[in-house]
Amino acid sequence: MNEDRATSPPGAPVLSVRGLSVLAKQKKLLDNVSLDFAPSSLTAVIGPSGCGKTTFVRTLNRMVELTPGLRVKGEVQYVGQNIYGAGVNPVLVRRRIGMVFQRPTVFPMSVFENAAFGLRLIHESDDEVDKAVEEALERAGLWSEVKDELNRSALSLSGGQQQRLCIARALAVRPRVLLLDEPTSALDPAATQRVEATMQTLKREIVLVLVTHNVGQAARVSDRVAFLHSGHLIEVGETAEILERPRDPLTQEFITGRFS
Amino acid sequence: MATPTVSKSILDSDNIRYDASARTRWRLGFDRVIGWLLPLLFVVAIAPILSLVYYISARAIPSLSWQVITSTSPYQTDAMGVPIIGTFELMLLATSIAVLLGLFGGIATAEFLSERTAGWVRMSANLLVGTPSVIVGYFGYFTFVIFFGWSLSLLAGTITLAFFMTPYVFRTADLAFTSVPSHIREAALGSGARPYQYILRVGTPIAFPQILTGIFLAMAIGVGETAPIVLTTAGGKIPPQTLFSPVSWMSSLIWQNFAQAPSTGLPTIAFQAAFLLLVVVVSLNVVVRIISSRYRRRLEGLYA
Amino acid sequence: MSSPDPSTPEVREPLPASGPEETGSTPQSARSFLARIVPLVPALIPLGIMVAIVIALVAETGFTNFGIEFFSLHWDPVNNQWGIGVFLLGSLITAVPALIFSMLIGLGIAIASTTYLPRFLSQWLDPFVDLLAGIPSVVYGIWAFIIVAPYFGSQLEPWMVMNLHFIPGFGGPINTSGLGILISVFILTLMALPITTLLIRDALRSVPRDLWESGLALGATRWEVVRRVAIPHGRRGIFSAAFLGFGRAFGETVAVAMIIGTATVLPKNVYDIGNTMAAQMFELLDSAIGGTGSPQFLAAIAEMALVLLGISLIVNILGRRLISSLYTQQIQGL
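Chains as they are written, first to last, in the numbering used here: chain A, 463 to 722; chain B, 38 to 341; chain C, 1398 to 1731.
It should be emphasised that the hints constitute simulated quantities derived from the structure, not laboratory data.
Backbone N, C-alpha and C fix where the C-beta goes; we use that ideal spot for every residue, glycine too.
Any given hint could turn out to be false.
Said to hold, decoys possible - Under the rule of at most 20 Å between Cα atoms (straight-line distance), these lysine to any residue pairs were calculated in the SDA-like manner:
1) A:487 <-> C:1517
2) B:274 <-> C:1686
3) A:593 <-> B:50
4) C:1665 <-> C:1469
Claimed, not checked - Pairwise CB distance ranges, derived in the manner of DEER restraints:
5) A:496 <-> B:223: 49 to 57 Å
6) B:238 <-> C:1607: 35 to 43 Å
7) A:528 <-> B:55: 48 to 56 Å
8) C:1429 <-> B:103: 38 to 46 Å
9) B:69 <-> C:1680: 49 to 57 Å
10) B:152 <-> C:1452: 51 to 59 Å
11) C:1562 <-> B:302: 31 to 39 Å
12) C:1525 <-> B:242: 29 to 37 Å
13) C:1521 <-> B:102: 32 to 40 Å
14) B:102 <-> C:1431: 56 to 64 Å
15) C:1466 <-> B:73: 49 to 57 Å
16) C:1607 <-> B:320: 40 to 48 Å
Modelling step: build the complete structure from the supplied sequences, incorporating the hints.
Pasting the structure below:
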C-alpha cells in the first residue's frame, strides 16, 4: 500500500499559518499570526528587534520546540497537514522545510560532504548523491566556484561561500520551503549581493521566507513583506505597497528612516 | 527552473506523518530507542555509589555514638577520637600550607606572568594533579622522612600532603583571578591602583567564592588520600604531641587494618573511619555546589 | 559583553610588578629588579615541586643500571631478578580495558545528558557521576573487597566461565575470592568514569548551538547530529578524555592494591590475580619502611617510580594539550 500520497486538497498552498501563538512564561512572543505563503515566492518578515520574527520563522519548521519552556498554539499547515498535529515527526517536517541561519554553520567536513549531509542520512546511492550535490550547489550559485575542489574543507571557504554552501546543503534534500534567518547579517556587501542573487533565483522555484532587519534587502528581493511588532502581525502585502504606502502607523514608523 | 535530475525518491514525498522509506523509519526508531537506552547508563554510575554508601553506613552507623567518636582511650578498640583528632590536625596544617602556596602562586600566575611562562607553570600544576599518589608518597618518604631525617611524623605527612594539595588550590586561584572580567580589571588599574591594591581590593572579593570552593575541593581530595600519608607517617595511639610525633590518619587506619587482617574480616573501626570519610567528602562537595551556584549568579551580575 | 568563558582565555596584560616608581634610598635598579622577580617566585611553585620530585627519584636510583632485563617478566628480589615487566603488563591489562569501558559508558552518559534528557534531569544526574570521583580510594577498596568481590567470585565469574569460555582469557580456573584482574578493571572503570564523562560532556557542550540546530534543520535525528556533527566537532575533547581517563586508571594505587591480589607472576586469565606498577610500588614501600632494603632494592623501586611517573607524564601531557580550556572543573585526578 502506498501511503506516500499527502492527504491534502489539490490546490492547497504549500505553507500557511493559522492563528499561531507562541507563549513563554511571562509573555506572548507571537500573538495570533495568520499568513499564507504562495508557492515560488519570497516573503520578507521585518520588524524591530524583539518583535518575534525569529521566533516566527522557527515555528515554521518546529525548531521553536528546541527552546525549553515555550508553548505553541495554532496551526502551521504544510501542504494541508498541520505540522504540529498528532503523529507528525519533526524530522520529516524539517526535511521539507529547510533553514539557513544567521552565521554560516558549515560542518567540519569537505564541501562535498557538507552538501551531501542530508542525502547521506537517507542513504541515497552514490550516483544520486553526486547528481543532487551538483544540482544543489548550482542552485545556490556556488557550483562554478567549488566544482574543482569539492574535497576541500568547507572551513577554508570565505564567509559568503560558506553561507551559500549552507543554502546548497539545505537545498540538497529538495525542500519546498526554505527559511532564512538574517542570512547576510554576518557577510560583507559583496557576499551579501551574491546571496541575494541566489535568493532571487530560488524564489521562482520554491517558497522562501526571509527574516531580515535590512529593509533595503527586503525591497530588493522580496515579493511580499510581513511586518511584525511585539508578536503581532501588523500588516502584510506586496513589497511595493508596504514599503511605499504602509497603512498602519507602526509600519510607517518603522519604515521611514530605514527606507527612502 | 532547474529540472530535478535526481530520480523521484522519498525526497519528494510531502507526507510528514509517515515516511515510506524503511530506512527513515529505522532511523526514527533507532533515535527513540537510543533515547531510552543511553540514559539508563546513568545507573551504571549511580548504583555503585548507592551500594557503597549503603553497605558502609550499615556496618558503621550502628556502632557509632558520641562516645565512640570522642573517646581517645587506647584500650577501646573502636575509639575514633585519636584518628579524628589526628586527621583533623594534619588536614588543618596541610591545608594551611597548601592554601598559602597555592594562593600566592596562582594569583601570581594569573596576574604577573606572561602567557608563555604561565603556560609552563599551568602545565606543571596539571601534571602534578595527574601524578599517581604513590609517587608523591614516595617522594615524601625519601625526602622528608629519610633525607631530612624527620622520620614518620606529623611534619613529614603534613608537608607531603601539602605538596599534594597545592596544585589544586593553585589552579583554582589562577582560574579565579583570570576570570575577573577584564573591563573591571582595566578600570581598576587604569585609575591608578597598584597591583597589590587591585589584587586585594578588587580581585579577591570577586574571586573569593571560587577560591573558597577550590579550597574545599582540595580538602575533600586530600582527606581521602592514603598512599602519601601511609608512607610518611606512623599511626599513634595518642594524638600527636609534637610535629615529630606519629599521627593517626583515617585512611591509613583503614589501609593498615585491611593489610593486616584481610581474611579475618575488617574490624568495625575501619568501617567507622570509612563512613566518616564519606560524610566529610560528601559534605564538602555539597557545600562546593551551593557556593558555586550562588557564585555563578553573582558573576553574571558583573557583566550587566 | 559575554560571560566568562574559560575555554578561550583572553590574553591579559601581565601586571608590572611594581607601581609607579618611587624614589627611595635603595638604588633604583636593584629595587625594580626585586620587584619584578618577587612575584614570579610563588608562581613557580608547581614547577618547583615537579622538579623536586624528579630529582629525588633520580637521586634514589643511585644510577644503577639494570639493563634491559629491567623490563623482563621475572621479579624475584631474593634471586636478584628485577624485572618489572610483570607489573607493567599488569598495569596495562587493567588500565586499557578500564579506559575502553569508561569511554564507552562516559560517551553514552554524556550524550544522554546533553542530547536526550531534559535540562532539569541532567542537572541532577550529572553531579552524581562527578561524585564518583570524590570517593576515597580506600573506601572503594573496602567496598570492592567486601561486597563486590564475593559476588564476583561466587556468581559473576562462574557464570562468565560457563558462557564466555570461548573468548581467550575468559575460560580457565576462577578463584572464588573474586579478587584479581576482572574486579580491578571494574573498579578502575568507575574511577575513570567521572573524568571521561566530564570531558566528553564539556566537549559536546562546546558545540555551538547553531551548528547543532543546522544539523537538526536538515532533517537529521538527534542521534545523527550527535554522531555526524557534534562528535567530530568535539574530537579533541574526546581524545583528551581518553588520555586523562587512562592516566587515572594507570596511576591508581590503593584501591587496586586492595583487590588485585598482589602476585608477582602474570595472570593466567582475567579471573586470576596479578599486580600493577603503582600497587606493587606501594606495597614494596609500605614493607620497606622502617627497615632498609639492599641498595639494589631501593634503586629498583626508584626506577620503577621513574617509569610510572614517565608514562603518567606523557599521557597527561598529551591529554592536556588537547583541552582548549585553561582548566576544567576540578575533580580528583583531573
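Violated hints - listed by number, lowest first: 7, 8, 10
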